[in-house]
Amino acid sequence: MILTSPEPIELTLTNQWLWEIIDEFVYQFQSFSQFRRSPKLNSEELAYIKDHHYIWSVLSVLNVLHSLIDKSNINQQLKAYFTGENAENVAGEFGRSPLYKMLGYFSLIALLRVHSMLGDYHLAVKVLENIDLHKNTMYCNVPACQVTTYYYVGFAYVMMRRYADAIRTYTNSLLYVQRMRQMFQTKSYQNDQVNKQTEQMYTMLAVCLVLHPQSIDESINNVLQDRKYADRIVRMQAGDTKEFENCFLFACPKFLSPVPSSLEGAAPEHEPLQIQKTIFLQEVQQQIYLPTVRSFLKLYTTMPLEKLAGFMELNEATLMECLLCFKHKMHNIVWSKGVSSLEGDFQAGSEVDFYIDKRMIHIADTKVGRRYGDYFIRQIHQFDELAKGLKSLRF
Amino acid sequence: MVSSRREEAETIRTEINEWLANVERYNFKNLPVFERYVELQVSENFYDLEASLAVLKLYQFFPHLYKAEIVCWILLKAIANLPHTDFVLCKCLLGPGQLDDLNIVRITYLANLLELCQFKSFWHEKNKDQNLISQITGFDDSIRKFVCHVVNITYQSLDKIILKDLLGNVTDAELKSWMAKCGWKEDHGTIYISNQEDIIKTKNITEKITFDTVSVVMYP
Chain A
1 MILTSPEPIE LTLTNQWLWE IIDEFVYQFQ SFSQFRRSPK LNSEELAYIK
51 DHHYIWSVLS VLNVLHSLID KSNINQQLKA YFTGENAENV AGEFGRSPLY
101 KMLGYFSLIA LLRVHSMLGD YHLAVKVLEN IDLHKNTMYC NVPACQVTTY
151 YYVGFAYVMM RRYADAIRTY TNSLLYVQRM RQMFQTKSYQ NDQVNKQTEQ
201 MYTMLAVCLV LHPQSIDESI NNVLQDRKYA DRIVRMQAGD TKEFENCFLF
251 ACPKFLSPVP SSLEGAAPEH EPLQIQKTIF LQEVQQQIYL PTVRSFLKLY
301 TTMPLEKLAG FMELNEATLM ECLLCFKHKM HNIVWSKGVS SLEGDFQAGS
351 EVDFYIDKRM IHIADTKVGR RYGDYFIRQI HQFDELAKGL KSLRF
Chain B
1001 MVSSRREEAE TIRTEINEWL ANVERYNFKN LPVFERYVEL QVSENFYDLE
1051 ASLAVLKLYQ FFPHLYKAEI VCWILLKAIA NLPHTDFVLC KCLLGPGQLD
1101 DLNIVRITYL ANLLELCQFK SFWHEKNKDQ NLISQITGFD DSIRKFVCHV
1151 VNITYQSLDK IILKDLLGNV TDAELKSWMA KCGWKEDHGT IYISNQEDII
1201 KTKNITEKIT FDTVSVVMYP
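Here the protein sequences line up with chains A and B, keeping their order. Sequential numbering from 1 applies to the first sequence in this note's numbering. Sequential numbering from 1001 applies to the second sequence in this note's numbering.
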């Protein structure tokens, strides 16, 4: 009725409720899609599903979300908002009502989720192209929505091999969760989901840091030193593909297929999850030598090719291919400016970099000096408070 | 009639861009136009990632309309766009069974060789698949462009013979044209790529404490 009414409906619901409505809508779609591929269905149920394939069909779900987006003109409103213009001018009759505006916004996030679950990561990030995720302005104030957005965007970046962007997205989101920890303590379905997504993000962050080491915020780093993650990191750095697989299976979203299994042969290795997992592991396999190369390079400033070939027990031609692969994989697209999260240029991402001059490898390392500024400022503030407290004490 | 195909491509592109902006991208009735667009990309040597992903998505939603030849072309065009990760994005949209198609297995194998930078093996293997790849105009040149990109970021100078191998046993004349395109110079059998010393230097990141950060704690 919200969509078919000729005039905006006079209804005011809190943003939290609107988010939960949309979230639940996608959840039902997800559950039903998984249900109809379940091997436990009997033939009667399979026949019913085959005859009524329009129930929770992916097209109807997408239609609903797109209609909400179109009706509220949310994309135009977002464009105006982030360029500093008045969003009211482009909102249109429906868009001005907060009900429709927020439903439109949450539908964008829902599209991000649905496309990620179908494996279309490029489109998933593209639907958010008018939302500037890098500015800290909170266009929507529902924390669960923020966390979900960053979770899916981060995951899409990982599958697109934009590890630097994924690391940045995850650390921003995890810092946000740390700050708002109080809000997520009460027991509720939404908070459980936020807590689960937080753990998943830490796991994916660990994976990204193994494949693409770089220095990150101290507080997040401290959490990763915790035994739960540290063990996994050590195993992945040693090249244990099973550990990569475990991390992926824990942290990935629920993948769906848009068609019921009765239309195709339902072999277990054809399940959407297995397909996405295989693609991820292929990518890992291509990069499996990189941590070893990196550890040798860290030890020297120059090294002849033969010497490195000897260390790695490879012949020189294979070593050359390894080094070219290292450079190729460390050179990915990184966002630097612009509203859309898809934008970016190629940048060398590795802290340990090198170039080859004839047969000599010249290595450059990045050393990060100890930071003491923040620590001193914090201590000064604390002493200040202490001094003020002492002065106000009466004896 | 090259120019008319180009014009056709331009017209279709406008129509497709309109569809991609709304739900028409999920309409299977638009599929023949999308497929024609892929054909034109192959023959006229241009590339449109979004349109290709839209085709794969339509095949995902409507598996009975799947056409293996179109998918092979899309995958080969994606490989030609390396170092972008378009090929991985395309793989994620393929359904079960489709990944087992022999041609697609072969294409995946070639893509793997390129991602691992095993260029010599790639050129050797690619010659076995001429009928599949020869339809893509400009495929070899796109791959050579990728090889030059990787060489550019890795080397300061290297032997001419190694470079010729990496580019797939090109003739001296072809090598000269690639060197001109990339701005490389030759010096007695060694090719000088670029001065990497300025780009790749040891960095010491020390903390910069500016007056602004400290002014906060100074006497207000």
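Simulated from the structure, these hints should not be mistaken for lab results. C-beta: ideal position from N, C-alpha, C; glycine also. Accuracy of the hints is not assured; some may be wrong.
To list a few chain B residues with every Cβ distance to chain A over 10 Å, as calculated [as the list claims (entries may be wrong)]: (1) LYS1067; (2) LYS1091; (3) HIS1124; (4) LEU1158; (5) CYS1182.
Okay, the calculated beta carbon distance ranges per label pair [to be verified]: (6) A:TYR189 / B:THR1206: 29 to 37 Å; (7) B:PHE1028 / A:GLN28: 19 to 27 Å; (8) A:LEU249 / B:ASN1027: 53 to 61 Å; (9) B:TYR1192 / A:ASP231: 45 to 53 Å; (10) A:MET312 / B:ASN1027: 31 to 39 Å; (11) A:LEU175 / B:TYR1109: 24 to 32 Å; (12) A:ALA230 / B:GLU1010: 50 to 58 Å; (13) B:LYS1067 / A:ILE55: 22 to 30 Å; (14) B:ASP1129 / A:SER188: 31 to 39 Å.
Results of checking the hints against the structure:
With a closest Cβ-Cβ approach of about 16 Å to chain A, LYS1067 of chain B is found to remain outside the 10 Å limit, as its non-interface label requires. Its closest Cβ contact with chain A, about 5 Å, brings LYS1091 of chain B to no more than 10 Å, contrary to its assignment away from the interface. Here HIS1124 of chain B stays apart from chain A, with its beta-carbon at least about 13 Å from theirs, past the 10 Å limit. With a cut of 10 Å on Cβ distances, LEU1158 of chain B falls inside the contact zone with chain A, its closest approach being about 7 Å.
For CYS1182 of chain B, the non-interface assignment is confirmed: its Cβ lies about 15 Å from the closest Cβ of chain A, beyond the 10 Å cut-off. The hinted window of 29 to 37 Å between TYR189 of chain A and THR1206 of chain B is violated, with their beta carbons roughly 48 Å apart. The hinted window of 19 to 27 Å between PHE1028 of chain B and GLN28 of chain A holds, with their beta carbons roughly 25 Å apart. Against the hinted window of 53 to 61 Å, the Cβ-Cβ separation of LEU249 of chain A and ASN1027 of chain B comes to about 35 Å, which falls outside the hint.
As the Cβ distance of TYR1192 of chain B to ASP231 of chain A is approximately 48 Å, the hint placing it in 45 to 53 Å holds. Between MET312 of chain A and ASN1027 of chain B the beta carbon distance is about 53 Å. The supplied range of 31 to 39 Å is therefore violated. Between LEU175 of chain A and TYR1109 of chain B the beta carbon distance is about 42 Å. The supplied range of 24 to 32 Å is therefore violated. A hinted range of 50 to 58 Å holds for the C-beta pair ALA230 of chain A and GLU1010 of chain B, which are about 56 Å apart.
Our hint of 22 to 30 Å for LYS1067 of chain B and ILE55 of chain A holds, since their Cβ atoms are close to 28 Å apart. The hinted range of 31 to 39 Å is not satisfied by ASP1129 of chain B and SER188 of chain A, whose Cβ atoms lie roughly 56 Å apart.
This entry does not satisfy hints 2, 4, 6, 8, 10, 11, 14, going by the numbered hints stated previously.
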